[in-house]
Amino acid sequence: MPSYIYPNGFPFSDPLAFNLDGQLSRVDKKKASCILMDGAVGMGKTTFATHLGDFFNCRKGQPLVELKIKDHPQLSLGGKEFTKQFRQCNKLGLPVIIYDEAGDFNRRGSITFFNQTINRLFEVYRGFRMIVIICLPNFAVLDSKLFENQVPRMLIHIADRNMNSGNFSAYSLSGMNWIRYWYEKLPKGAKNKAYSKVQPNFRGHFLNLDKEREVQLDKLSTHGKKEFFKESEKMLEGLVTYGEIAHKLNRSIQWVAQHIKQKNIKHHTTMGRVLMFKKTAIDILIADLKQSR
Amino acid sequence: MVDFNNDITVSAPAANLVKVLVLEARYNALLALEDYNNRCSSGVRVSQATVRSRLGTWLLEHLAYLERTRTKQEELEKIEKMKAQLFFNVQELEKSDLLEVFYYLNEVMDKLRITKLDTKIQYDTTNIETDNKVNQYA
Chain X
97 MPSYIYPNGF PFSDPLAFNL DGQLSRVDKK KASCILMDGA VGMGKTTFAT HLGDFFNCRK
157 GQPLVELKIK DHPQLSLGGK EFTKQFRQCN KLGLPVIIYD EAGDFNRRGS ITFFNQTINR
217 LFEVYRGFRM IVIICLPNFA VLDSKLFENQ VPRMLIHIAD RNMNSGNFSA YSLSGMNWIR
277 YWYEKLPKGA KNKAYSKVQP NFRGHFLNLD KEREVQLDKL STHGKKEFFK ESEKMLEGLV
337 TYGEIAHKLN RSIQWVAQHI KQKNIKHHTT MGRVLMFKKT AIDILIADLK QSR
Chain V
23 MVDFNNDITV SAPAANLVKV LVLEARYNAL LALEDYNNRC SSGVRVSQAT VRSRLGTWLL
83 EHLAYLERTR TKQEELEKIE KMKAQLFFNV QELEKSDLLE VFYYLNEVMD KLRITKLDTK
143 IQYDTTNIET DNKVNQYA
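These protein sequences, in sequence, are chains X and V.
The first sequence begins at 97 in my numbering and counts up one residue at a time.
The second sequence begins at 23 in my numbering and counts up one residue at a time.
Please keep in mind that the hints were generated in silico from the structure rather than gathered at the bench.
No experiment lies behind these values; they were computed from the predicted model shown.
Careful, some of the hints might be misleading.
Claimed, not checked - Computed spacing ranges between beta-carbons, pair by pair: (1) X:Pro233 to V:Ala160: 24 to 30 Å; (2) V:Arg61 to X:Asp256: 43 to 49 Å; (3) X:Arg183 to V:Glu96: 34 to 40 Å; (4) V:Glu114 to X:Ser99: 55 to 61 Å.
To be verified - The calculated DSS-like cross-link candidates involving lysine-lysine, where the alpha carbons are at most 25 Å apart (straight line), are: (5) X:Lys359 to X:Lys344; (6) X:Lys127 to V:Lys155; (7) V:Lys142 to X:Lys293; (8) X:Lys357 to X:Lys322; (9) X:Lys125 to V:Lys155; (10) X:Lys166 to X:Lys326; (11) X:Lys307 to X:Lys293; (12) X:Lys322 to X:Lys176; (13) X:Lys166 to X:Lys176; (14) X:Lys326 to X:Lys307; (15) X:Lys293 to X:Lys326; (16) X:Lys344 to X:Lys176; (17) X:Lys315 to X:Lys293; (18) X:Lys180 to X:Lys293; (19) V:Lys142 to X:Lys241; (20) V:Lys94 to V:Lys133; (21) X:Lys126 to V:Lys155; (22) X:Lys293 to V:Lys94.
No residue lacks a Cβ here, since even glycine has one placed at the ideal position from N, Cα and C.
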């Protein structure tokens, strides 16, 4: 029978709880606090982040992190959802938000509008008294500005896991900067050894969520990834909906539907119950409009 | 080690000279203790006089500092006990009592950084925020 709590009363070993209280006290003093969580794909980052979210919620007298598909203000998948849910969490008075799949906030996009927006958010968010937990496979790809502003305070690197528990190492900001240094120095095939170059501040273990929450989290995570794949397919294949075509041509959706039927333009695929067309449909309708004039 | 007949000694700061004198007293006590241990281990019955007098000298070097800085009653009682044992006790002391004096004074000198071997800042490395502060992250 797997257990879900250690003798210290938490699903993770000491002295992590003491250090998390340290982050809470920072936030209470209106200082920025951000916890990074990294590890290879499928190592349990989201599970562990949920544990941390539950811990912070309990400390502030709030219920456990909600994991319903239609209502999960504290667990955001990707940057867009993060910026939207940040305001929602602040409105609900929640002390922590998890920014999962944070690979979109990386150095390569440093001059993009998205990166600048997220950077700005991290510069000013301390006034909201919230802790942000960022989960991604490798923290060294994060925008450098985050480290220059000393926003991240702790890194939790998940080394390995089995079906019931996982191992982690915790590093301070100084340790993180040294890992980033070694990450730049080491050759491509050996970059993962950067973590072993720096002594962690402490090591520990964490347990899995209980069965019910594990299933909830799994469903939520899969749903989020499905949405991501839908968006990716749409972007890569240049697909458009009725509404997008109508917006482009400055016509109503009914007009677009009628003319697509007249021109016998077939939809390329469906996503959910939404018909998706290739962008060539817009060109055909524009040509039709010019002809009718 | 400190030559009071030398002009350079007069111009040196007193605190530096005292540190050297304390180190000298400690060194002499160490030699006496070493000799005492050596003879005891060989099975020879040996007098504690040299060890006690050198430990006494070493304690006297520290006495003013200890009486000024120690506030807890237990510590003050411990210092009085050491004084009584080293200067006024006629009977022979147990070896453990002699070593206790030695350990106590050694610890005092280590905390004062007179004999501290490592220069690293001591702090709880499992406390991430302390580590951040020590490394000068706000």
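Quick rundown of the hints versus the structure:
1. Our hint of 24 to 30 Å for Pro233 of chain X and Ala160 of chain V holds, since their Cβ atoms are close to 29 Å apart.
2. Hint check: Arg61 of chain V to Asp256 of chain X, Cβ distance near 58 Å, so the stated range 43 to 49 Å is violated.
3. In this structure the hint that Arg183 of chain X and Glu96 of chain V lie 34 to 40 Å apart at CB is violated, the actual value being about 58 Å.
4. With their beta carbons about 60 Å apart, Glu114 of chain V and Ser99 of chain X fall inside the hinted range of 55 to 61 Å.
5. Of the supplied pair hints, the one linking Lys359 of chain X and Lys344 of chain X holds, its CA atoms being roughly 18 Å apart against a limit of 25 Å.
6. Of the supplied pair hints, the one linking Lys127 of chain X and Lys155 of chain V holds, its CA atoms being roughly 14 Å apart against a limit of 25 Å.
7. The suggested pairing of Lys142 of chain V with Lys293 of chain X holds, with an alpha-carbon distance near 20 Å, which does not exceed 25 Å.
8. The hinted pair formed by Lys357 of chain X and Lys322 of chain X fails the criterion: a straight-line CA distance of about 30 Å is larger than 25 Å.
9. Distance check on the hinted pair: Lys125 of chain X and Lys155 of chain V sit about 15 Å apart at the alpha-carbon level, within 25 Å; holds.
10. Proposed proximity of Lys166 of chain X and Lys326 of chain X is supported: the alpha carbons are some 18 Å apart, at most 25 Å.
11. About 37 Å separates the Cα atoms of Lys307 of chain X and Lys293 of chain X, which puts this hinted pair outside 25 Å; it is violated.
12. About 16 Å separates the Cα atoms of Lys322 of chain X and Lys176 of chain X, which keeps this hinted pair within 25 Å; it holds.
13. With a CA separation close to 16 Å, the supplied pair Lys166 of chain X and Lys176 of chain X stays within the 25 Å bound.
14. Restraint check for Lys326 of chain X and Lys307 of chain X: the C-alpha separation of about 29 Å exceeds 25 Å, so the hint is violated.
15. Between Lys293 of chain X and Lys326 of chain X the alpha-carbon distance is near 40 Å, which puts this suggested pair outside the 25 Å criterion.
16. Distance check on the hinted pair: Lys344 of chain X and Lys176 of chain X sit about 23 Å apart at the alpha-carbon level, within 25 Å; holds.
17. Pair hint Lys315 of chain X plus Lys293 of chain X does not hold up; C-alpha atoms about 37 Å apart against a cutoff of 25 Å.
18. Using a Cα cut-off of 25 Å, the hinted pair Lys180 of chain X and Lys293 of chain X is violated, with the two alpha carbons roughly 38 Å apart.
19. The hinted pair formed by Lys142 of chain V and Lys241 of chain X fails the criterion: a straight-line CA distance of about 30 Å is larger than 25 Å.
20. Simply put, Lys94 of chain V and Lys133 of chain V have alpha-carbon atoms about 17 Å apart, close enough for the 25 Å limit, and the pair holds.
21. A threshold of 25 Å between alpha carbons decides the hint, and for Lys126 of chain X with Lys155 of chain V the separation of about 17 Å falls inside it, so the pair holds.
22. Between the alpha carbons of Lys293 of chain X and Lys94 of chain V the distance comes to roughly 45 Å, so the proposed pair goes past 25 Å and is violated.
The earlier numbered hints that this structure contradicts are 2, 3, 8, 11, 14, 15, 17, 18, 19, 22.
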